[in-house]
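Asker: Assemble the whole structure, with the sequences as input and the hints as a guide.
Chains U and Z, in that order, are what the protein sequence lines are. Numbering that gives the first Met the number 0 applies: residue 0 is where the first sequence begins, and numbers increase by one. Numbering that gives the first Met the number 0 applies: residue 0 is where the second sequence begins, and numbers increase by one.
By construction, these hints were calculated from the structure, which means they are not laboratory data. Owing to the predicted nature of the structure, the values given are computational and were not obtained by experimental measurement. Be a bit skeptical, because a hint or two may be false.
[Stated by the list, open to error] The calculated lysine-lysine pairs, modelled on DSS-like cross-linking and capped at a C-alpha distance of 30 Å, are:
#, chain 1, residue 1, chain 2, residue 2
1, Z, K5, U, K308
2, U, K279, Z, K274
3, U, K121, U, K29
4, U, K129, U, K28
5, U, K29, U, K218
6, U, K121, Z, K20
7, Z, K274, U, K129
[Stated by the list, open to error] Far from chain U, some chain Z residues (derived; all Cβ distances over 10 Å):
#, residue
8, N16
9, N151
10, T164
11, I174
12, R247
Think of the CB as a built atom: it goes at the ideal place given N, C-alpha and C, for glycine as much as any other residue.
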Amino acid sequence: MPPKKSNSTVYIGIDLGTSRSAIAASNGKKDWVQSYVGWPRDFVSRKMLGKNILFGDEALEHRLSLNLSRPLEQGVIREGTERDEEAVRELVHFLIEQIKPGSATEVFAAVGVPAEAMRVNKLAIRDAVKEYADRLMVVSEPFAVAYGLGTLNNSLIIDVGAGTVDLCIMHGTMPGEEDQRTLSLGGDFIDRQLMNLLNENYPDASFSETMVRSYKEDKGFVGSARSRVKVNAPVSGVSTTLDITAEMQRVCEGIVAPMAEGVMDLITRYEPDFQEEVKKNIYLAGGGSQIRGLDSMLTDSLKEYGSFKVTVIDDPLFAGAEGALALAREMPEEYWEDM
Amino acid sequence: MTAEDKGHILREVYEDNRRVKDRTWNRRPKGKGGSYWSVFIILLVAVASVFWFTTGGDDAVSPSSGDDNSSLSLAVPVDSISVMPDDRGVDLSGLTDSDVPLSELFDLTVRTVMIDAGHGGADPGASGKEGLEEKEITLDVSLRLARRLRSNHGLNVVMTRSDDTYLTLRERAEITNAGESDLFVSIHVNYFPSEPVYALETYYFGSQVDETSLRLAEIENKNSDYSVAEFNRMTNALGDQIKLQESRRLAQAVQSSLFRNTQRLNEDVSDWGIKSAPFVVLVGVHAPSILAEIGVISNEDEEARLATPEYREQLALFLEEGVVNYLRTMNREENQ
Numbered sequence: 000m001p002p003k004k005s006n007s008t009v010y011i012g013i014d015l016g017t018s019r020s021a022i023a024a025s026n027g028k029k030d031w032v033q034s035y036v037g038w039p040r041d042f043v044s045r046k047m048l049g050k051n052i053l054f055g056d057e058a059l060e061h062r063l064s065l066n067l068s069r070p071l072e073q074g075v076i077r078e079g080t081e082r083d084e085e086a087v088r089e090l091v092h093f094l095i096e097q098i099k100p101g102s103a104t105e106v107f108a109a110v111g112v113p114a115e116a117m118r119v120n121k122l123a124i125r126d127a128v129k130e131y132a133d134r135l136m137v138v139s140e141p142f143a144v145a146y147g148l149g150t151l152n153n154s155l156i157i158d159v160g161a162g163t164v165d166l167c168i169m170h171g172t173m174p175g176e177e178d179q180r181t182l183s184l185g186g187d188f189i190d191r192q193l194m195n196l197l198n199e200n201y202p203d204a205s206f207s208e209t210m211v212r213s214y215k216e217d218k219g220f221v222g223s224a225r226s227r228v229k230v231n232a233p234v235s236g237v238s239t240t241l242d243i244t245a246e247m248q249r250v251c252e253g254i255v256a257p258m259a260e261g262v263m264d265l266i267t268r269y270e271p272d273f274q275e276e277v278k279k280n281i282y283l284a285g286g287g288s289q290i291r292g293l294d295s296m297l298t299d300s301l302k303e304y305g306s307f308k309v310t311v312i313d314d315p316l317f318a319g320a321e322g323a324l325a326l327a328r329e330m331p332e333e334y335w336e337d338m
Numbered sequence: 000m001t002a003e004d005k006g007h008i009l010r011e012v013y014e015d016n017r018r019v020k021d022r023t024w025n026r027r028p029k030g031k032g033g034s035y036w037s038v039f040i041i042l043l044v045a046v047a048s049v050f051w052f053t054t055g056g057d058d059a060v061s062p063s064s065g066d067d068n069s070s071l072s073l074a075v076p077v078d079s080i081s082v083m084p085d086d087r088g089v090d091l092s093g094l095t096d097s098d099v100p101l102s103e104l105f106d107l108t109v110r111t112v113m114i115d116a117g118h119g120g121a122d123p124g125a126s127g128k129e130g131l132e133e134k135e136i137t138l139d140v141s142l143r144l145a146r147r148l149r150s151n152h153g154l155n156v157v158m159t160r161s162d163d164t165y166l167t168l169r170e171r172a173e174i175t176n177a178g179e180s181d182l183f184v185s186i187h188v189n190y191f192p193s194e195p196v197y198a199l200e201t202y203y204f205g206s207q208v209d210e211t212s213l214r215l216a217e218i219e220n221k222n223s224d225y226s227v228a229e230f231n232r233m234t235n236a237l238g239d240q241i242k243l244q245e246s247r248r249l250a251q252a253v254q255s256s257l258f259r260n261t262q263r264l265n266e267d268v269s270d271w272g273i274k275s276a277p278f279v280v281l282v283g284v285h286a287p288s289i290l291a292e293i294g295v296i297s298n299e300d301e302e303a304r305l306a307t308p309e310y311r312e313q314l315a316l317f318l319e320e321g322v323v324n325y326l327r328t329m330n331r332e333e334n335q
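Answerer: Below you can see the structure in the form of structure tokens.
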């Protein structure tokens, strides 16, 4: 695409996630949004809402009047729905608008996506984003995080997302197929398990997906509880306080063993000389990294394989976007030419 | 990490994106070189015909005299018809000794993929206890795979059948060859009624076979429509090294993806790996070809899963990943 005649260039890093999408720009602006896009169901909703399309929290709030889409469910753009591709396009558009590029500015974008989408949706993602960016590169999310942290060699990134948990071992090159593992038990999986368990144990109470998700986001934990997990829910129509500590612990802990297995799977295939170094450089990223105690429990469960150091990264919300931004800025001019 | 190391990584990101953008699987940058494949074939045919005419061919030449086939300038006895290109002393051994896959040596590109939904029409294939038929599953998964490869990767995808029709194995091979497909993927579902087995396996065109594969091939080859003579001739032309190598690599990529991904959904699945077998449909097709057994319909839990659109979509995704991984290794940049 020939570049517009422009006065300036802005570099942006975008993190497209199942649950949250974020943007970081070289003009200093940042923003994030929940990965929901909604279109009014009929002309009545359209009139009431006053808009043709809604995003994030606003879309969730008015979800009853909308055809809602969460386009990166399970970490991929789902098949057979042009609507999901449309939703990705609009989500990207929305994010770019938030950092106010201005009409005369050229947008150079690096976009991080879940590993699964990287495998099968590259073309669809390019098509979705290129309408709003002048130049575009797509990378996998864990790689973007590693780039931003500067840990591109002898390290392991665990991106605990809503759709999937992506593990990626870094050995100084762009990661290939064999350097990554994807587990389909992310945050959404935990929500589903929690919902099932709560419905079983509290049959008279009514829980919605949104409620259950918020319980997990606020109070998710593994290991020993520092305090009881008490939440409010309607029981036969009356708002009641319930103690769901045991349920929360059980469902959150469910992802630890598979994660440990994934870690060892990747490490055992790594160059033997450097395995010990990788063990000391494990990073937890993504929304799920905020589950209290996850880093310690993971370290514990790996004890028999050696001495590990698991670090929860600062600012998991923007780590991917910031990493993609760093990549966009450091990408040599001549490579951007072709994109 | 040094600036130079970072530079390498950034270059890799650029190249990876470039490949997607160009939407073809050409190894060379656009505008330079091209495929040597057609030149290679012409050369072989030319050399082979020279051998034909100067060695055994002459005796068979006789002037046509009131034959039914008077349009032919040569009346040649049927059993001396040979299958191009390898059977007249053309020596390929120098080429096949190298470590580099032949497809890379000749810069072969993949543009057209043929997907073959096993069985169909009057031939339902195997059936599960609840009555689910193999032909329905193979068709559905094939359609989904076709859509994915087309819209996600810009490949030209064709199908031997896109509805519930019956085709002999020979017809499937001929359709594929006529369309000049670059790859052939046949989708099937396994059947082990006497054992509660759940395993995945992928067959490829190849020469070494074991008992079990031979027996399975025998069953699957039932509706072939090839005569024994024709079939033997085709299997004897197994000097086609390119097809052999590429079939094996494709099978590895597809089986690896199928098993790895299915195992995440269901721990019980076993990996029976890749095997070569004389399936008529694999032998008759000129392009690199595989036959994937994507599940076991005699297994009750599997049958229930295979009946759902969601699971079929998953299988199509896993197959897509396998094919794409194979294409990526074909396109792998060598150290330059």
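Asker: Sort out which numbered hints this structure fails and list those numbers smallest first.
Answerer: 2, 7, 8 and 9
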